[in-house]
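*Asks:* Chains D and F are the protein sequences, given in the same order.
Residue numbers for the first sequence follow numbering that gives the first Met the number 0, so the first one is 0 and each next one is one higher.
Residue numbers for the second sequence follow numbering that gives the first Met the number 0, so the first one is 0 and each next one is one higher.
Don't read these hints as lab results, they were simulated from the structure.
Treat the hints with care, as some may be off.
[As the list claims (entries may be wrong)] DMTMM-like, lysine to aspartate or glutamate: derived pairs with alpha carbons at most 20 angstroms apart:
no.	chain 1	residue 1	chain 2	residue 2
1	F	114	D	140
2	D	51	F	201
3	D	129	D	140
4	F	105	D	90
5	F	106	D	37
6	D	21	F	86
7	D	129	F	191
8	D	157	F	191
9	F	110	D	90
10	D	129	F	61
11	F	114	D	102
12	F	114	D	46
13	D	157	D	103
14	D	51	D	39
15	D	129	F	18
16	F	140	F	86
17	F	105	D	102
18	D	177	D	102
19	D	157	F	194
20	F	106	D	39
21	D	72	D	46
22	F	94	D	146
23	F	157	D	42
24	D	24	F	86
25	F	110	D	42
26	D	157	F	20
27	F	110	D	46
28	D	21	F	88
29	D	24	F	99
30	D	24	F	88
31	F	106	D	27
32	F	56	F	81
33	D	129	F	86
34	F	110	D	37
35	D	157	F	198
36	F	105	D	27
37	F	94	D	32
38	D	129	F	19
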Amino acid sequence: MSDSHHHDHAHSDVSTLTDIQKRVKALESILVDKGLVERDVIDQIIEHFENKVGPHVGARIVARAWVSPEFKKSLLADATNAINGELDFAEVGQHLIAVENSDELHNVVVCTLCSCYPWDVLGLPPVWYKSAPYRSRVVSEPRSVLEEFGLDLPQDTKIRIWDSTAETRYLVIPQRPKNTELMSEAELADLVTRDSMIGTSDVLTTADQVNT
Amino acid sequence: MNSIHDLGGMQGFGPIAPEDDELTFHLSWEGRVLGLQRSILFLGLWNIDVFRHAQEKIQAIDYLSWSYYERWVHTLTATALERGLFDQDELRVGKSLSGESPIATKKLTMKSINKAYVRGNFERIGDSQPEFSVGDMVVTKQTHTSLHTRLPRYARDKLGTVIAIRGRHVFPDSVVAHGSEDSQWLYTVEFEGCELWGDAVDPTISNLIDAFEPYLSRV
Chain D
0 MSDSHHHDHA HSDVSTLTDI QKRVKALESI LVDKGLVERD VIDQIIEHFE NKVGPHVGAR
60 IVARAWVSPE FKKSLLADAT NAINGELDFA EVGQHLIAVE NSDELHNVVV CTLCSCYPWD
120 VLGLPPVWYK SAPYRSRVVS EPRSVLEEFG LDLPQDTKIR IWDSTAETRY LVIPQRPKNT
180 ELMSEAELAD LVTRDSMIGT SDVLTTADQV NT
Chain F
0 MNSIHDLGGM QGFGPIAPED DELTFHLSWE GRVLGLQRSI LFLGLWNIDV FRHAQEKIQA
60 IDYLSWSYYE RWVHTLTATA LERGLFDQDE LRVGKSLSGE SPIATKKLTM KSINKAYVRG
120 NFERIGDSQP EFSVGDMVVT KQTHTSLHTR LPRYARDKLG TVIAIRGRHV FPDSVVAHGS
180 EDSQWLYTVE FEGCELWGDA VDPTISNLID AFEPYLSRV
């Protein structure tokens, strides 16, 4: 940029681009030049994870498990095959495992070694799930962690902490809230939050919904 | 390896800080990195285990101070350089200095993009029968390997019970150590909280890991 007319513009470009942005741009350009990746594909992957897949996918699965005992049974036996057997659910990969909460047992999921998470049904994990405080603490002091999320379990409820150490992925099936017998499957799905399917919170109640 | 990535049971990281209405990507380059990562894995030059091990080799102070996607950028760059996908000169100028790559035929395209969305299957067919059955008491291996393992420190040399057999899966330790899948039976093993954390721990908790057969021996 020897042309003084362009100098200011070029300078402001440089000053707003951080080192990491420059590195990512360089990586992408090199790999595109080499014919190894396509920019359209990257755009589409971003679109997929921002808009297509997310906790709403898992919420529909949970709601169906609440209304259909038959589906719940097959979901708990083999979640991947159960979900892929339903015509109106998007395909999920292997090996998804569903674990069910009850009055006696609460399940919570973590990946202490990295950040394994059931992307197919929950989308990308939140920052806290990937962070050192959660990964370090939930395995040994789950109650204090759950309290930080506002979940106060009865003292005698058993807690199972599932550490995703292999290529299996875990989805928690939270308990269906009381007084929801008249709700439709779609309405029930609206009560199912992301965190309730990780195991760090309860589902919403109809009262929560009115308040929001 | 016993690096900082193996966080289970450590203390001193402070409170968890959930965000309200968290964005999928906090900065626009993070999405580009995710797209690059999915595309590069599709080339089949290395798998997720190699990528994980490269993250484990990040120095502790960097691992804790970099964001998740900063770690990915570092890992992608380091692995691609190590495997000769491009070189330092190309990284410096931000373009290919040798034209198209001969392996470009395996790339992820708009036609095959669905394969970037659905998880791969790591189960493999083999001849051997599982050594352990549901209900068996097992003890996990003691190890301080400097290589890749998916047996977390908090669950080494501990007594547990097999609660499920998950099939025969690609063995990450072998993938990283010598590039072979070496599939092994995978089990879910449950440990009582007091076995891992001592008598003072909440008596209502139990911990579960997915453990490959070589991590386990019969009691």
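*Asks:* It remains to establish, for every hint, whether it holds in the given structure.
*Replies:* Structure-based check of each hint:
no.: 1; hint: F:114 - D:140; result: 38 angstroms, violated
no.: 2; hint: D:51 - F:201; result: 40 angstroms, violated
no.: 3; hint: D:129 - D:140; result: 17 angstroms, holds
no.: 4; hint: F:105 - D:90; result: 23 angstroms, violated
no.: 5; hint: F:106 - D:37; result: 8 angstroms, holds
no.: 6; hint: D:21 - F:86; result: 16 angstroms, holds
no.: 7; hint: D:129 - F:191; result: 25 angstroms, violated
no.: 8; hint: D:157 - F:191; result: 11 angstroms, holds
no.: 9; hint: F:110 - D:90; result: 17 angstroms, holds
no.: 10; hint: D:129 - F:61; result: 15 angstroms, holds
no.: 11; hint: F:114 - D:102; result: 39 angstroms, violated
no.: 12; hint: F:114 - D:46; result: 15 angstroms, holds
no.: 13; hint: D:157 - D:103; result: 6 angstroms, holds
no.: 14; hint: D:51 - D:39; result: 17 angstroms, holds
no.: 15; hint: D:129 - F:18; result: 13 angstroms, holds
no.: 16; hint: F:140 - F:86; result: 40 angstroms, violated
no.: 17; hint: F:105 - D:102; result: 50 angstroms, violated
no.: 18; hint: D:177 - D:102; result: 12 angstroms, holds
no.: 19; hint: D:157 - F:194; result: 16 angstroms, holds
no.: 20; hint: F:106 - D:39; result: 13 angstroms, holds
no.: 21; hint: D:72 - D:46; result: 34 angstroms, violated
no.: 22; hint: F:94 - D:146; result: 50 angstroms, violated
no.: 23; hint: F:157 - D:42; result: 46 angstroms, violated
no.: 24; hint: D:24 - F:86; result: 15 angstroms, holds
no.: 25; hint: F:110 - D:42; result: 14 angstroms, holds
no.: 26; hint: D:157 - F:20; result: 30 angstroms, violated
no.: 27; hint: F:110 - D:46; result: 16 angstroms, holds
no.: 28; hint: D:21 - F:88; result: 15 angstroms, holds
no.: 29; hint: D:24 - F:99; result: 18 angstroms, holds
no.: 30; hint: D:24 - F:88; result: 15 angstroms, holds
no.: 31; hint: F:106 - D:27; result: 14 angstroms, holds
no.: 32; hint: F:56 - F:81; result: 13 angstroms, holds
no.: 33; hint: D:129 - F:86; result: 31 angstroms, violated
no.: 34; hint: F:110 - D:37; result: 12 angstroms, holds
no.: 35; hint: D:157 - F:198; result: 16 angstroms, holds
no.: 36; hint: F:105 - D:27; result: 17 angstroms, holds
no.: 37; hint: F:94 - D:32; result: 7 angstroms, holds
no.: 38; hint: D:129 - F:19; result: 16 angstroms, holds
When the structure is compared with the earlier hints, violations turn up for hints 1, 2, 4, 7, 11, 16, 17, 21, 22, 23, 26 and 33 and for no others.
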